[in-house]
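Peer 1: Chains as they are written, first to last, in the numbering used here: chain H, 1 to 133; chain P, 1 to 133; chain L, 1 to 133.
Hints listed in this document are in silico derivations from the structure and should not be mistaken for laboratory results.
Quick reminder that beta carbons are idealized off the backbone N, C-alpha and C, glycines included.
Fair warning: there could be bad hints in the mix.
[As the list claims (entries may be wrong)] Derived CB-CB ranges, DEER-like:
no. : chain 1 : residue 1 : chain 2 : residue 2 : range
1   : P       : M87       : L       : D71       : 29 to 35 Å
2   : H       : G127      : L       : M52       : 46 to 52 Å
3   : P       : L72       : H       : Y78       : 29 to 35 Å
4   : H       : Y78       : L       : A66       : 50 to 56 Å
5   : L       : G127      : H       : M69       : 35 to 41 Å
6   : P       : M87       : H       : G117      : 40 to 46 Å
7   : H       : E83       : L       : M52       : 26 to 32 Å
8   : H       : D109      : P       : N102      : 37 to 43 Å
9   : H       : P110      : P       : V58       : 34 to 40 Å
10  : H       : D109      : L       : L72       : 44 to 50 Å
11  : P       : M52       : L       : M52       : 36 to 42 Å
12  : H       : F54       : P       : M61       : 20 to 26 Å
13  : L       : G48       : H       : P110      : 21 to 27 Å
[What the hints assert, rightly or not] Footprint (simulated), chain P over chain L, 3 or more residues, beta carbon under 8 Å:
no. : segment
14  : 19–30
15  : 60–67
16  : 72–86
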Amino acid sequence: MGKLGMILFSGTTDRLMAAGILAQAAAAMDNEVKVFVTFWAVPSFTKGEKKMSFPSDVQSMVPFLAQRMKDLKMASWYDMLKEAKSMGAKIYLCSLASELMNVKKDDVDPIVDDIVGAATFIQETEGWQVLFI
Amino acid sequence: MGKLGMILFSGTTDRLMAAGILAQAAAAMDNEVKVFVTFWAVPSFTKGEKKMSFPSDVQSMVPFLAQRMKDLKMASWYDMLKEAKSMGAKIYLCSLASELMNVKKDDVDPIVDDIVGAATFIQETEGWQVLFI
Amino acid sequence: MGKLGMILFSGTTDRLMAAGILAQAAAAMDNEVKVFVTFWAVPSFTKGEKKMSFPSDVQSMVPFLAQRMKDLKMASWYDMLKEAKSMGAKIYLCSLASELMNVKKDDVDPIVDDIVGAATFIQETEGWQVLFI
């Protein structure tokens, strides 16, 4: 049984999808999973509609990819993270980034388990595999 | 002897180079090395010419860097990965990303050892150092 | 006591800040910390003024963030790395990237402890947590 931590720094849909896929796959294999949402990822973890957003460098590929995702009936990154949570994964919001982005407690999406500092995440994932996404 | 996994998510030449350099250096030091090619990196692992492509934010530095790479006789990322493979490194293509990008088995570059899912890669690299590039 | 390595590949201020925050937090908790500065991060570790630079995709958020950073009296990434160093963190400059960027020894910022190759960093951080930023 492995232990997978992820520092989710990026806010674009492609990288949120990577985090969702890895979280779900790892949790399904009985890994402990903890995601630390920080910086550009913070707005995607506030309440409200989750819009798709891709880096401008890959805009030309987005219509094709969006159609493929539909055809393959791929779950959204949000639903994949919810599925991972149902298997024990935890999602933390970075307290400093929340303050920086001026996100209030009431704005936080219910998918978030807790708001913690980087020090807490580092401590809780000591010796784990940690990805910076 | 260490064990280095890499999730190669980005498709730009700068990050492919980073993966090539790390894979080659780690393999040369008798580390086990496994690279999981996914998302934007997938097109670079299909057959055909490998063109250079850099993020638009750094375009102004590209002519200078391309000249320096020539002057220093730096190997291409592809040749560095081939060298790493000759020392035991394995390169896997993500099955989900291949499907998403509509890459068929026949399109896959021979540098790829196998097409596997994220779950397989997670399992094979349990407890390893894993970088998300 | 954990051991945190970071391969600092990106040169934008947001990611330098992430590295600074993680380095400082980890060092303050008695973790061993080693940062390997490579590719686009190299110019930020040469002598001279450190200018802010953000990815063009997030330019619209920069004025707001810059103001928040001021309001919250956040330390700069440079000062956070200096603080981490005072608690034992080490900062290495990648020899290959320095050569590629044509950075001479005399140009290197005094915050850098040494100029080393990727192989040395891989060896010194064997079995550590390593983030690719």
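Peer 1: So which of the earlier hints does this model not fit?
Peer 2: Hints 1, 2, 3, 4, 7, 8, 10, 11, 13, 14, 15 and 16 are the ones this structure does not satisfy, whereas the remaining hints hold.
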